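Produce the entire structure from the sequences given, and follow the hints as far as they go.
Chains as they are written, first to last, in our numbering: chain V, 1 to 325; chain A, 326 to 645; chain D, 646 to 905.
These are calculated hints, taken from the structure and not from any lab test. Since this is a predicted model, take the numbers as computed values, not measurements. The C-beta atom is built at its ideal place from N, Cα and C for all residues, glycine as well. Accuracy of the hints is not assured; some may be wrong.
[Claimed, not checked] Just so you have them, the derived chain A footprint on chain V, three or more residues with Cβ under 8 Å: (1) 40-54; (2) 173-187; (3) 226-235.
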Amino acid sequence: MFRKYVCFFTSLVIILLLIGMIYYVSLYYGLNEVPQQIMDKIVLYRETRLIVALLSGLILGFTGSVLQSSLRNPLVDPYILGIGGGALFATYMYHLVFKITNLYWGALIASIGGLTALALTLVIAETIGGSDVAYVLSGIGVSSMFSGLSIATYYVIISVNPAASYVFTLLIGSFVNVTPSRIPIMIWPSLVLVISYFIFSKPLNAMVIGDDYAKQLGYNPRFIRRIITILSGITASIVVMVSGIIGFIGLVSPHIARLIIKSNDNRLVIPISGLIGSLLLISTDNFSRIILSSLVGEIPVGALASSFGSPFFLFLLIRRFRGRV
Amino acid sequence: MVDKYKTILITIIIVIVILVSVLTYFKYSVPAEYNISSEPTIVDALNRTVSLNKAPERIISLAPSITELVFMLGQEDKLIGVDSSSYNSSYLGINNYCREHNISDVGGYWWNTIDIEKIISLNPDLILADMGAHIKLNQTFYEYELTVIYLHGGSSSSIDDIYSDIDIIANVFDVADKASELKSNISLKIENAKKYAIENCLNGKRVLIVVGFYNGIWVSGEQTYIDDLLNNIGLDNAAEVTGWSIASIEDIARWNPDVIIIASMGIDYNVINESGLPLLKKPIIILNSTETDILMRPGPRLGDAALLIVYKLFNAIGGC
Amino acid sequence: MMLDKIVLDNVKIVYKKGKIIAIKNANIVVKKGEILGIIGSNGAGKTSLLKAIAGIVHYSGLIYIDGYEVSHTPHKVIARILSYAGDMDVPEILSLTVLEAVLTSRYPVSKGFFESEEDIKKALEVLETLGILELKDRRLDELSSGELRKVILAMALAREPRVILLDEPDAHLDMGSKIVVSRIIKELGRRSIVIFTTHDILFAINTASKVVLLKDGEIIGYGTVDDIVKNDLLFKTYNARFKILLDPDTNKPVPIPFYE
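Structure follows, in structure tokens:
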């Protein structure tokens, strides 16, 4: 029993150390012959990128694990709520209607799109009963609908506005283009999530066992599920708005966390999952920035994260489940 | 009932918290005009008024057509960085020049593969960017205090757009005469192409320009600079669609082009056969990569593109 | 304050906006020291009745657990004095271990974010009592249905509630385990009020002090074991015929079903 706490603290320390090391090294690596005032700018650029990557990973890992427990489904990630497709569709529609687009309106519209899709998922799920399955089904329906619409809209855009073919790159997850002004917008959601962790992790342990079980324990699972959906949807929407759509992290970080601490106790899984998300994103972002950019140019972070994270994940999986599942 | 109110209350709290941070974000919005006190000031393709403190001596170009313009206007000595496509472009010996003069490759052409950090470390006075491909970097440049001027570049939808780009760059470096010269050169070539077309009874011919075979046949329709070019040469653009568009083989058959020009990188005969174009029994002209570049880069080579088209046409369907 | 009784007054339970009537009209009183067994055929409404008392399902009418009317009392308050143990659908990959699951049962009474020494001690005790201590680190999705049943029972007992509601606690259990469970319920009945449902008449008769016979949402029999074990009542409940014998040692009636 205590093994899980040992694993938890060990992993916590190791991950924090790793994050710290990577952070420090990547800030100052390779800055030899650069004049002072440019050095400040470069450090600012790197720091901004690191912080946004860190917070994005934290939010995605966090919301991923919370949603998996709340929806009792190990295969969901924040995009199950439809926010990715919704943001994409809204962005494309914006570029379809307006020939010259403003970036800030673009960001705002993306998040409105994401939140609208979220609201739709929520309402439909609650209408069909508000259970875990209800949310997953509703989410899949809404996501698919908006994804499909997005692709169709893209083709319409290209034919109407010849210069706008770049739109398909708009929401691909990337930290290359982050600016210092985006940091405050990520800090608040992160704080809200951390606070919610203390409130929801115990009820989630009960909800994983069953809604009826959680009810007789004194919780209100439908209400909790609703709040978690809203919270996760909003915070993940903000990540989409700032960094684009980054797959993989929200889905796999919770599983990596579970395999490392060898426990499913949400009080331990949720924070580790968030930190794993951070670790994955800053590692891959650094890899892209430091190594790849001089070879082939930067590669969007989602693709890299999958490429590196997956083998590690598969290794853990085989080690844990050899012969079972 | 208590539930519903609790839900609403919590949602409101979350939304307020998020709104606070969103508003902080918008506090940093890029103003439409910034600091126009000092001369010279340039109005770029996006109608932004940009002020340059002095004539720029360290410039970065982010698109091949822009790099070519810089070279044609004799300002290549000021380049300290170019995008990847420019870095590897053989036209005008740009690739060799870059390597010989230590000009850095800053990634790109698309915005999300541009190495911002490298650009920052090069400490440029001015960045010349493409308004279509690089608009997303606008705020980034602003927050890291990098001056940028946007040009039509690949988004040019007419010959005038390209001329406007020439003028903008000329204004930056105060080389109006070189610009005029360049523009007249281009106009002259286009005129010549037009004359050639008339002499050889090619005017009025319906030309279809195919630019790609991705998930269908992409053609250059109306309101593209190619369309404008064709019209100025006295040819007819067979594509009856707007912009860069996918057309079906039935559409193309209906449009009844006299000749089809394929301007796409890395196409082999299999792809062309599968598209069904040969079935139309019209002459098909396949451009090699150099020729494709000439046609597909809306830059100083526009005149060459005009001539290229009419020569190729003559070779394919002969004269009077 | 000791718990005196549970009263069901005119309780009606409907689902799907009235299309399904699970319980038509239930009037039951269970006093301290009594163990109530609810038997009936499948779909008779046993589980619904239990869930209503636990406050998990909506009902009309009144249910009093001592002074508290269930639908007007916050869930958290009820959770401290009552526990309901029904069937469990365990998700794969996400499931907790047995010990962790039993510890979640103590959430209403444990203070603090993490478990205290006392929580762990009580949890281990409960597992020991049910003879499943060696399963403590196994995951719920790795257990057999019999083992799971015992874990569910352990979870119901972990916080030592004054009212224990057990939905088919003997399901999936072999004979020996059934007897153990029966013994435990009788032991619990001395300190708490226990209400359980079951399919097994013998289990009910040998465990409960009072029995409710449920058919299609109606109570067709309610009383002591002697009152209930009558041919006509049993026939109405199960649509099956029984021979009723008298056990010479205990003087209790023993129903034996006709298999012809």
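Check of the stretch 40-54 of chain V against chain A for coverage (Cβ-Cβ below 8 Å, three residues minimum): holds (count 5)
Does the stretch 226-235 of chain V contain three or more residues whose Cβ lies closer than 8 Å to a Cβ of chain A? holds (count 5)
Has the stretch 173-187 of chain V got at least three residues whose CB is nearer than 8 Å to a CB belonging to chain A? holds (count 12)
Of the numbered hints stated above, none is contradicted by the structure.
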